[in-house]
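Asks: So you can see what is in the structure, the chains are spelled out below.
There are 2 protein chains.
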Amino acid sequence: MLKKTSMMIVGVVGMMSLGLMALGTGSRALADNQKAQEGLTAKATGQMAIRLFPSGTKTVVLCSPSDSEGIALGQALATKLSGALLLVQNAHVLGQATAEALAALSVPEVAPAGTVQPFQLPPGKPMIYVLGNSQQISSAIIAELKAQGYQVQRLAGQGAHLVSEVIAQVAPALPLKPDTAGFLQNWPVYAYGPSHNSAFKIPKSAPQWEKVGVRWNFAEDAAVPLNAPFPDLANLGERGAPVKMTQNLGNAVGVSAVNGIIYAESDDYHLYALNAKTGALLWQTGQLANNLMGNPIVADNMVYVTAGDTGFPFSQVLKYELSQGTSTLVRGLMYSAIYAFNAKTGRMVWRQDFHGNAMPSPVYYNGTVYVATGGGHLWAFNALTGTVKWQAALQGFDSMSSPNVYTNPVTHQTEIVVGTSDQNHVVAVNAANGSILWTQKTALNIFNTGMGDNSPTVDQARNLIIQDSVVNFNKANHTTNLAIYAMNAATGQVLWATDLGRGNAPPAYKAGVSMIHNGVVYVGSPVTSTIYALNEANGKILWTFPIKNAGPAGAGRGNPVYADGVLWVAAGPKVYALNPQTGQELGSYAPGGRFGIVNPVIVGGTMYLDNSYDWVQAIPLKTIDPAVTIRYE
Amino acid sequence: MLKKTSMMIVGVVGMMSLGLMALGTGSRALADNQKAQEGLTAKATGQMAIRLFPSGTKTVVLCSPSDSEGIALGQALATKLSGALLLVQNAHVLGQATAEALAALSVPEVAPAGTVQPFQLPPGKPMIYVLGNSQQISSAIIAELKAQGYQVQRLAGQGAHLVSEVIAQVAPALPLKPDTAGFLQNWPVYAYGPSHNSAFKIPKSAPQWEKVGVRWNFAEDAAVPLNAPFPDLANLGERGAPVKMTQNLGNAVGVSAVNGIIYAESDDYHLYALNAKTGALLWQTGQLANNLMGNPIVADNMVYVTAGDTGFPFSQVLKYELSQGTSTLVRGLMYSAIYAFNAKTGRMVWRQDFHGNAMPSPVYYNGTVYVATGGGHLWAFNALTGTVKWQAALQGFDSMSSPNVYTNPVTHQTEIVVGTSDQNHVVAVNAANGSILWTQKTALNIFNTGMGDNSPTVDQARNLIIQDSVVNFNKANHTTNLAIYAMNAATGQVLWATDLGRGNAPPAYKAGVSMIHNGVVYVGSPVTSTIYALNEANGKILWTFPIKNAGPAGAGRGNPVYADGVLWVAAGPKVYALNPQTGQELGSYAPGGRFGIVNPVIVGGTMYLDNSYDWVQAIPLKTIDPAVTIRYE
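Line order of the protein sequences matches chains A and B.
Quick note: the first sequence, position 66, residue 66 per UniProt numbering, numbers continuous.
Quick note: the second sequence, position 314, residue 314 per UniProt numbering, numbers continuous.
The set of hints was computed from the structure by calculation and includes no laboratory data.
Be a bit skeptical, because a hint or two may be false.
Restraint-style ranges between C-beta atoms, simulated for each label pair [as the list claims (entries may be wrong)]:
1. B:G114 with A:K389: 34 to 40 Å
2. A:Q185 with B:A234: 33 to 39 Å
3. B:S315 with A:A103: 42 to 48 Å
Using N, Cα and C, we set each Cβ at its ideal position, and we do this for glycine too.
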């Protein structure tokens with residue numbers, strides 16, 4: 001198209017660089033085009049570079065100007081990595097313009113030293129990927145860049161190998177059937193199932209990686225370095241900073257694992273789909289309407305997520321005060337919605353918006369998706385089309401209580417069970433038509449968001465519902481108790497209640513999600529930062545395990561998980577392996593970052609997690625408990 | 001690098017497409033590479049395409065596979081337009097894979113028909129840009145695409161011209177000196193100056209475009225079509241929907257115009273810098289920590305913006321209720337910060353975070369930047385370095401009150417003046433050291449956020465501060481008054497107060513920003529949806545102008561602007577030209593969208609605006625008032 005002439009400008013930046021490469025090659029023809037001419041000076045070039053990446057970038061791809069296919073591949077890679085593509089002057093000379101562009105693309109230090117800021121790349125020089133062999137870009141250039149303090153990695157020299165390397169980075173293949181041996185087809189309820197035990201055995205024929213476990217870290221869009229202090233610790237303090245991260249930056253609750261894909265919802269406004277084996281990004285959505293705080297619900301090749309936030313407008317603050325706490329609140333500041341995506345491609349299929357937040361996870365049951373909202377309603381949608389089936393008024397707003405499902409073995413009636421705040425109660429709704437089946441307020445003196453914060457647990461076999469809530473708040477010293485109780489799932493009748501102890505009132509998510517396994521209820525309390533095992537029949541405490549380094553925000557919100565004869569817990573900065581019979585610690589591991597309401601998800605030899613630092617992680621179980629024996633189906 | 005062989009896959013998508021083009025060209029060599037092979041089937045190709053743009057795209061760039069430079073340019077263009085690059089099979093055949101990719105890239109209809117969703121591309125087929133001449137991509141292909149319902153535009157055929165067209169799209173040049181004749185060097189205060197009259201005469205020597213005015217529309221990242229109904233109208237209603245857009249989607253207040261650049265802050269989390277002449281994007285920031293609701297403050301080649309939101313956590317709701325409205329609130333749900341950027345390049349220079357929101361605009365004065373926060377403090381920073389100079393407690397939280405500046409002509413002491421809520425008052429702080437100079441609570445029965453919502457206006461020449469606030473709320477029928485009052489700027493003493501009438505309490509920003517010109521105070525009231533002119537000396541109402549189609553959210557929040565003997569107002573869905581002496585309507589225009597707290601910014605013959613729909617707009621004044629005569633300096 002353009003005749004190749006001598007290139008005055010060889011090192012130019014980013015997506016722009018390609019325009020400018022072309023500009024360089026066509027510079028004679030452009031001489032009389034004033035507008036283009038303005039862009040041709042080295043100064044203007046630098047400005048354009050900076051304008052495209054005004055705050056710097058983490059990644060630069062370096063290509064030879066004579067290598068068209070390499071540039072094409074480089075573009076793909078640079079775009080995927082949100083980086084810039086630069087051209088060397090020739091195989092042996094980096095070139096001044098490129099050197100200047102590299103300097104301009106370094107991420108500036110913009111905050112007081114030692115602080116970490118949310119939604120802000122860490123300061124430093126970009127990582128450089130060199131595309132092509134040493135005839136295209138010499139080793140001397142790489143050595144020169146390394147001497148200047150850049151990290152440099154050459155991506156292969158051989159054509160086909162280079163292509164496959166880039167493809168693997170840019171568009172990794174969906175998991176192959178043999179790599180999904182231990183994974184489920186669907187993820188219908190928060191923490192997978194009614195009992196919240198998100199652990200899955202793999203068959204003996206499963207591939208080796210599923211048996212020994214894999215290790216990878218995936219940085220989501222707002223990722224904070226895993227060893228960094230909490231962002232804005234100076235203003236928010238040790239009590240507030242982790243809460244802000246959990247609610248407004250990273251992942252609030254755990255991941256979902258379906259068909260070899262790890263789905264993670266982030267408060268950075270994106271849903272991510274990763275290859276469970278490699279951690280490679282398969283797709284991510286565009287910016288959704290609000291924070292995402294559930295684990296994705298997956299059914300029939302669709303993935304359902306809800307977007308919502310924890311806030312109240314000032315009108316609700318006033319209304320509540322003027323009514324002396326008696327008026328019905330609507331929780332949710334920004335837009336909120338449920339989205340349905342194709343589980344393999346991420347293509348959006350339908351969406352519905354709500355009045356009030358939609359923070360908790362939906363429930364999928366029998367072709368219907370149920371969503372409880374901060375506007376105080378339970379909605380039922382046709383899972384395939386998004387058509388509204390009905391909505392039911394819950395007589396309270398839902399904060400973070402993900403609904404659960406129970407089917408009465410006598411009447412075969414299925415109910416959707418959910419906790420609400422203001423009024424605080426647990427309510428069961430007929431899944432078929434939205435009629436209220438029962439409401440249980442308990443005799444407890446519930447404080448704050450109480451029951452509406454927490455997701456009830458269902459034991460289908462024993463016809464039980466377990467829920468816990470903060471009670472008996474003392475506003476003088478800001479202490480509270482956490483109470484846990486069991487209800488008859490068919491009637492709501494309270495069967496037992498147990499006091500899990502008193503402590504400082506937690507700043508957010510004031511409860512622990514419980515998990516039921518083999519007649520034992522396992523639950524954490526952020527009030528006491530302790531894990532408890534209770535006899536499911538009578539609520540008697542069997543053992544306790546105090547969590548270390550919980551900090552003033554408290555820890556123990558995510559449900560424990562039982563697998564391979566071990567109880568696994570993610571709490572505060574660590575994951576723990578406990579003896580399920582005694583609570584004795586078998587091992588622990590600090591993978592970096594901190595867990596909010598996160599439950600581990602275990603498939604074979606791997607634990608999958610995400611965290612408040614906006615990372616998704618895979619950790620081999622043996623890293624946490626070297627003595628564990630992975631059991632097969 | 002790779003030998004060209006026959007291409008099996010010719011039409012492939014996006015950044016991926018280039019990988020795949022290369023893949024195609026190197027397909028023989030890849031045959032024994034299992035991982036790459038998986039990606040080679042047409043099915044896998046389609047999956048990758050969809051995974052890169054899982055929700056479709058607005059734009060596709062079409063290139064010839066044999067045109068390397070065109071592909072490079074196309075990549076730059078596609079990336080800038082957040083679109084995909086596709087390759088035709090050859091000059092005369094689109095190719096099946098490309099056709100399928102085009103279909104997959106169409107934005108799906110995901111919501112109930114007739115509704116518009118925030119942060120969601122409108123459904124439909126992408127716009128196609130064809131790069132290259134008819135030898136590269138034939139007119140028959142374009143005709144075929146048009147017949148299928150695609151909008152198609154060929155971008156030139158000539159090399160240099162094509163390059164300059166793409167460069168103009170991708171990285172337009174900064175405004176040239178001759179094009180900045182009427183523009184200021186700095187923008188130190190909300191709505192430009194202490195009196196809030198953001199209108200600027202141009203010299204007689206100014207270029208023609210500045211005299212006759214320009215017209216353009218720039219769609220920001222969350223832009224909703226300008227003729228669409230409010231997003232989520234079904235849930236939010238006519239009263240709530242425009243408020244949500246103003247606070248959580250688009251531009252809350254007006255733009256800043258400096259050195260030929262229009263700066264706009266958006267609730268979509270980005271700051272934009274546009275060429276004032278063309279509307280071309282010069283740069284935009286990455287995702288910042290929160291909504292941006294001020295107009296950017298520009299001084300000494302730096303631009304200062306604050307990120308914050310309107311929300312309260314539940315803990316604040318409870319605290320306020322338990323204290324029966326007496327406790328001190330902290331406003332702000334998510335992270336909040338002030339950012340300093342290089343005004344020409346967008347490169348971040350420094351950042352500081354706050355406890356509580358930072359919604360209002362900062363003030364720049366004499367090398368210092370001042371920020372008032374929802375945490376109830378006024379902060380002073382070294383403008384160049386971001387170093388904290390001091391912070392002062394305001395005895396109330398700031399909602400959306402952008403501080404203003406006044407210098408006492410006798411003492412030469414400069415004060416920063418700001419309104420706060422709970423407690424409601426206006427406070428003057430010594431700009432030099434943060435000491436409180438005076439606090440004025442007035443005798444008014446202020447309701448709700450009252451004074452802390454609104455930005456006080458300063459008449460330096462007459463030593464006056466004007467502020468208005470909602471008062472005398474009746475909770476039975478939800479009505480209120482708007483009162484406006486004048487204070488001695490040196491002492492805070494109230495000189496007069498005028499009742500601007502009673503009406504329904506506005507849902508948000510419960511006041512109008514006033515503007516002072518030539519002894520007259522101009523102000524709107526969202527309580528009565530009326531514009532008022534008052535005698536500045538005694539507060540007597542001179543005339544009133546009722547705003548049409550204000551809707552139940554009310555209108556008139558943005559300050560009027562005086563220029564060319566005309567009073568200009570942006571209110572509800574329209575801009576108006578009024579006779580400043582009588583309030584008589586001289587003309588009006590509905591540019592699409594709706595204005596929140598937006599003031600017009602007038603430079604020569606052009607009015608610059610942004611709106612709740614997330615658009616920045618330039619409108620020739622003559623479009624609004626055909627009889628206007630542009631006056632020169």
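Asks: Taking the numbered hints from earlier one at a time, note which ones the structure violates and give those numbers from smallest to largest.
Replies: 1
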